[in-house]
Amino acid sequence: MQIALDVIFLIVTIGSSISLFLGRNWKQVLISLGVQYFGVFWFVQLSWPLSLAIIKLISGLIVCVILAFYSEEYEVLTAQDTSWPQGNVFKIFSAGLIVTSTLAISRQASFWIGISNPIVMWIGLYLIGMGIHQLGITAQSERVIIALLTLISGFEIIYANVETSSLVAALLVTINIGLAIVGVYLHLMDQRDGSQ
Amino acid sequence: MTSSIIWIFLPAIFAIILWFIPSRKLTILLGIGLSAILALLAWLLPIDTLLNISGLSLKISSATTILGRQLILESNNQPLMIFLYLSLLIWYICILVTDTYHKLVPYSLIIVALLISAIVVKPFLYASLLIQVSILISIPLLRNSSSSTGRGIIRFLAFQTFSLPFILLSGWLLTGVAVSPEDLSLTNQASILLGLGFIFLLSIFPFNNWIPLLAEEVHPLSSAFILWIFPTIGLLFGCYFLDSYAWIRDSSQLSNILEYAGLIMVVMGGLWAAFQKNLKRMFAYAMIMETGYSLLAINLRGSLGMQPFFNYLIPRTITIFLWTSALSILINKIPSANFTDIKSLAVKYPYSSATIIFSQFSFVGLPLLAGFPNQIFLWEQLNRISPSITILMLIAITGLAMGAIRTLAVLLLSYKQESLIPSESSVQKIFLMVGILLLVILGLFPSLTDPLTTKLPLMFSHLGR
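So the sequence lines, in the order shown, correspond to chains A and B. The opening residue of the first sequence carries number 1 in this note's numbering; numbering runs sequentially from there. The opening residue of the second sequence carries number 1001 in this note's numbering; numbering runs sequentially from there.
Derived from the structure by calculation, the hints contain no laboratory data. Glycine included, C-beta positions come from ideal geometry on N, C-alpha and C. Just so you know, not all the hints are guaranteed correct.
Claimed, not checked - Here are a few chain B residues that face chain A, going by a calculated C-beta distance under 8 angstroms:
#, residue
1, Y1126
2, L1129
3, Q1132
4, V1133
5, R1151
6, N1209
As the list claims (entries may be wrong) - Cβ pair distances, simulated, as ranges:
#, chain 1, residue 1, chain 2, residue 2, range
7, A, S165, B, P1022, 37 to 47 angstroms
8, B, P1335, A, A68, 52 to 62 angstroms
9, A, I11, B, I1395, 50 to 60 angstroms
Sequences are here, hints too, so could you generate the full structure?
Okay, structure coming up:
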């Protein structure tokens, strides 16, 4: 049962992160991010008490709410990024590469860090990989913030297995929310300067 | 009363109050006053000693406990407080004199408070989290002084954030190494993660391409602050790791890594600086060189301890703030810092132009200027290790010197005798003249900074000896 649930959440997390990556509409991006945080919560609660792990979910949803301050109609993809390969086929192919490469190294890495469940390591590495990949192909502040949040989510899944300090959790929540606020701030400043 | 309340919480609370003050001059003056008081208190107030002030007993204790963790700001850290708050004081004077945006004051105060807490937090695993929070706060500081969110700001945020997972994971592994030091594979893993964390935190080549981009995008004084505080605290944070773990400190591989990383940064910075046509970018490459020098100076540990590294701090800080203040005065009047826009400005802005040239040559290590004593000392020491290092450093310094000579040539270009009256205000003239004088005085009498710089290494129990 536990393995089945793990696999379901694994698929949900991978799916949501790919949807996040492909999304051109801000609403779709936020929904995908929210779902991704459900996945993060699930994998964190495998090693943390539920009462502490729920913080990840709540903070993730707060991040989504903060990011919703971007205009509702806002299209994520602008002309700024067109120099990079942007087709969906490319994105799905590259995400597939990240899925397979992180799967290949997850066993060794879980042994390295001392995590008994390789699925946890895999999803953590996968989210880190997706975050780095998104950072590599965008210069848009909104996309960069989403990429950094994805990267930190992946790290948090791995780190939850080795560190259970509530203060570290609180500081990581601060960093997540801080990143979202910085994202909104940069967007609002760009809007203000653009309208002047 | 604890020391953390004075040097961490007080400036942080004050920063919030300052943020709401609309008056530019009042905000900056309050910032100057507070940093002066904090530096003075760091100099005068003894920690963990009972004070008797007109019948009133007072003891400043070093430890503050927050949620089971401690901020331990001991008397050994007081020289660092003096250095940081005095530097902040100089920076605020620069802001005041150059008519720069006053909201930089509260942001910088809170960033310095957070970074001090990162240095004194126990266990120091939490330091990387506090550094990350300060990085997030520095984004408004940078964005406020820029017309758009450019790639420099974005890359700064991304690269600095990368350091967080590596340092946190390495911190966890290091506790394992402390328990079983004979486990070589664990030691290697910890070293690799720690190394990667510091590559991002200190913006070591090749992850330093955000520095010239950032410097070009934002106001010179903002970039000066960021490029001064983060490498300085990052290097001190790195030294804490060296100080705490003997196996890192004694590793021969670490010595090679520091040497190569430092040399690459010095050579790359110097060579790139030679070809720059923008004064902001040239400053950025000079800063890359400076981080390289710091790594080389740290590598000279041993009988010299950390002294060569700390000797660099004061002249470098003054040179950074002077260069960018002079540049700020020019930037307020011209569209960009490109060579095409600064042509013949030495006639209209002789004081600012002279300050830029003096600062550049101080970084080069020209005799009689502030940078010279430390440069010559570093050269001597490195030449003993390997003459090839000295040759590479010579190439790098020639590059920066070429950049400085080109700047001088451009500033004096197309000299026309139509307006010989300097356009700087009287206050700016006095400030810049005092700055140049300070560069010369520190060049002639480098031991003037000794009362502070000789005490700075004491914050490290092993490296300081």
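Hint by hint, here is what the structure shows:
1. Y1126: holds, 7 angstroms
2. L1129: Where the cut-off is 8 angstroms and the nearest Cβ of chain A is about 4 angstroms from L1129(B), the hint holds.
3. Q1132: Holds, because the Cβ-Cβ distance from Q1132(B) to chain A comes to roughly 5 angstroms (cut-off 8 angstroms).
4. V1133: holds, 6 angstroms
5. R1151: Holds, about 5 angstroms.
6. N1209: With a closest approach of 13 angstroms, the N1209(B) hint is violated.
7. S165(A) <-> P1022(B): 37 to 47 angstroms: Distance hint for S165(A), P1022(B) holds at roughly 41 angstroms.
8. P1335(B) <-> A68(A): 52 to 62 angstroms: Hint violated: Cβ distance 38 angstroms, outside 52 to 62 angstroms.
9. I11(A) <-> I1395(B): 50 to 60 angstroms: holds, 56 angstroms
Hints 6, 8 from the list above are not met by this structure, while the remaining hints are.
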